[in-house]
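Chain order of the listed sequences is A and B.
Residue numbers for the first sequence, in numbering that gives the first Met the number 0: 0 to 434.
Residue numbers for the second sequence, in numbering that gives the first Met the number 0: 0 to 185.
Simulated from the structure, these hints should not be mistaken for laboratory data.
Take these hints with a grain of salt, some might be off.
[To be verified] Incomplete in silico selection of chain B near chain A, CB under 7 Å: (1) S64; (2) S87; (3) R114; (4) M120; (5) A131; (6) G135.
[To be verified] Counterexamples of contact, computed for chain A against chain B with all Cβ distances above 12 Å: (7) A81; (8) D323; (9) M327.
Because the structure is a prediction, the values reported are computed rather than measured.
Backbone N, C-alpha and C define an ideal beta-carbon position, used for all residues, glycine too.
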Amino acid sequence: MTASPAIGWTPTPALVRSVLGALVLAAAAVLARRPDVLVIATPLVVAAVWAVVTRPTVLPEVSQSVGHPTLHEGEATTWRTAVADPHRQVEDLAVVFEPSAWVEHIGSVDTRVVALHDDSDQDLAIAVRPTRWGRHRIKPALVVASSAWNGYRWVHRRTSDPIELLALPRPYLFDAANEVTHARGLVGNSRSPRPGAGSEFEGVRTFAPGDRLRRIHWPESLRTGTLHVTTSWADEDQSVLLLVDAFDEIGHSGGVDGFASSLDIATRAAAAMAEFHTKQGDRVALVTVGGLGARRLAPRSGYPHLRRLLQVLAEIEPVNAPYDDGRMPGHVEAGARVVAFSPLLSPATLRRLTTLAGRGFSVVAIDCFPPDITISDPGDPYAQIAWRIELLKRERHLRAIRATGVPVVAWNGRGSLDLVLGGPRRAHSRRVRFP
Amino acid sequence: MSANLSTGAISPTFGHDQALLRAAIVVGGMFCLLIIRVASTNNPIVAIEVAILLGTLLSAAAPDSHVGLLVTLFIVVDWITSVEGRTSPWAMAVAASLALFHTSMAASSIAPRARTWTPAMRRRWAGRLLVAAAAGVATWLVVVLIQHLSLGTNHMVVTTGLLTLAVAASRVGPSRRLGPNDDVRP
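For reference, chain A alone in the conformation it holds in the complex (with noise of 0.2 Å):
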């Protein structure tokens, strides 16, 4: 009762209240003699007493902390904040929620309200979602507690230390009818155009030395009366280069369930590509042009790759004024097909694309340019022509990287790369050969 309070807590209005009124009326009774104004008084006398008596010395602990730092857009995880009282002086706790830029709570609930020694740990916890990918700096909750009757508050408000939460791009669904093979080495789960040890059935050829004996087809050798072997496809991997152009924002994200910026429908698609060839055993590579901080991943296959390359496009943070270091992507390995996902509007990209299919490199261009975006004010004639300058400065490099041999598609989701990817392979047809 003598010791001062805490730092931090201040007397709230209803202390105040309490302790003024219980005085002053209290003094009234004994100086007018009604004692039924002490009758009165006596609630207030009550909160007042309570009040002072058990107000808090020391300042609770507060930690917050969020379930899953990182995962994928859309996905929701939640925000927990734990509250130490180890000298039981707080009684009733709100915990305010208060939303970032692309991280938002679930449903209408943003706030928490517990009486803190008589209620779980769980209701203190709040669903949030990121709705964009990217790397997300969420502010604290706010935190208020009281104590008894209300008479002290203390309000924690820490914005030094904001917790970051690494939202994952959310692939599109992604899936490729034809092989889009060209890699040359002998491992990995695609067909090799050559024959040689693997999985898939490439036909039926007489004995030779050196053939494994397990690979002798019986039916065959007792029908013609000479060993005869089934041959095979030699399994191989293949090496994938992504590239993704960040020059360029067209459109304002909506978010996770908005509208897609051309920003948003890159890094969607790269991601589905590179947990489509992940998934196939390929070595994936990856280059971001033009962002902040634009990051190189030499290819390597498996998933801890893939985990990084979603890490590294959740990174990409488009800039005002992009810088071109002029580097051409690295890690190319002879072979590679290049996948650039753009919505070509920035010569630097142009010239890299063109440069790198002059190289002997097959290059695919995906045109991420929203399809449904338009002028954010069309009764404006002056950004109606300026607009109208953009499309046609596009259109003329749409036209100049075509004429290169690399060709453009629109991002269409599953299947967009059969149309472009399937011709090559036509050439290595499966085959069956009996002698």
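Please build the complex by placing chain B on the supplied structure of chain A, with the hints as guidance.
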């Protein structure tokens, strides 16, 4: 921040619990008025009653303000000027109504107004309201006992009462106000 919590700047709508509390504030103030009217032996001062009425409505609109203190003082002034009986049992009813008024105001400013309370919070605050109201009844019984024993004119009793109040006031101590950076732990 307190203004945000009480006026609902963060949450624009009223929750069920908050609506009940705001209604309880109005009911508490109106009951005080009504009981004083019933128990009055003199003509009440209309200006004070209007002030109580308006103050009660203002308190319901802004429970985290000092309007409630003014309403409390007006209620007592209205009681003293209207009711002459020193052991009137209506004092218990006014005390209970004032307990409802004060408890509802204190409770309604602990959280944003759109939020729903947990059952534990409802039980605790209801229990405290009962304790405060019961304390008024106990005090009335003591007052009746003192009146019965004719201790009201004893100067020793008055002096002891004043000394008790002075000691109680000194124990409250000065309060600290939060500065803009005071939420950082020492």
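Status of each hint after checking the structure:
1. This hint holds: B:S64 has a C-beta 6 Å from the nearest C-beta of chain A, less than the 7 Å allowed.
2. A hinted interface residue such as B:S87 counts as satisfied when its beta carbon comes closer than 7 Å to some beta carbon of chain A; here the least separation is about 6 Å, so the hint holds.
3. Nearest Cβ of chain A to the Cβ of B:R114: about 4 Å, under the 7 Å cut. The hint holds.
4. Hint status for B:M120 relative to chain A: holds, with the closest Cβ pair at about 5 Å, below 7 Å.
5. At about 4 Å, the closest approach between the beta carbon of B:A131 and any beta carbon in chain A falls short of 7 Å, and the interface hint on this residue holds.
6. The beta carbon of B:G135 is positioned within 7 Å of a beta carbon in chain A (closest approach about 4 Å), and the interface hint is therefore held.
7. The beta carbon of A:A81 sits about 16 Å from the closest Cβ of chain B, which is more than 12 Å, so the claim that it is off the interface holds.
8. Non-interface status of A:D323 relative to chain B is upheld: no Cβ of that chain comes within 12 Å, the nearest being about 44 Å off.
9. The Cβ of A:M327 lies farther than 12 Å from every Cβ of chain B, with a closest approach of about 50 Å, so its non-interface assignment holds.
Violation of the numbered hints given earlier is absent; every hint is satisfied by the structure.
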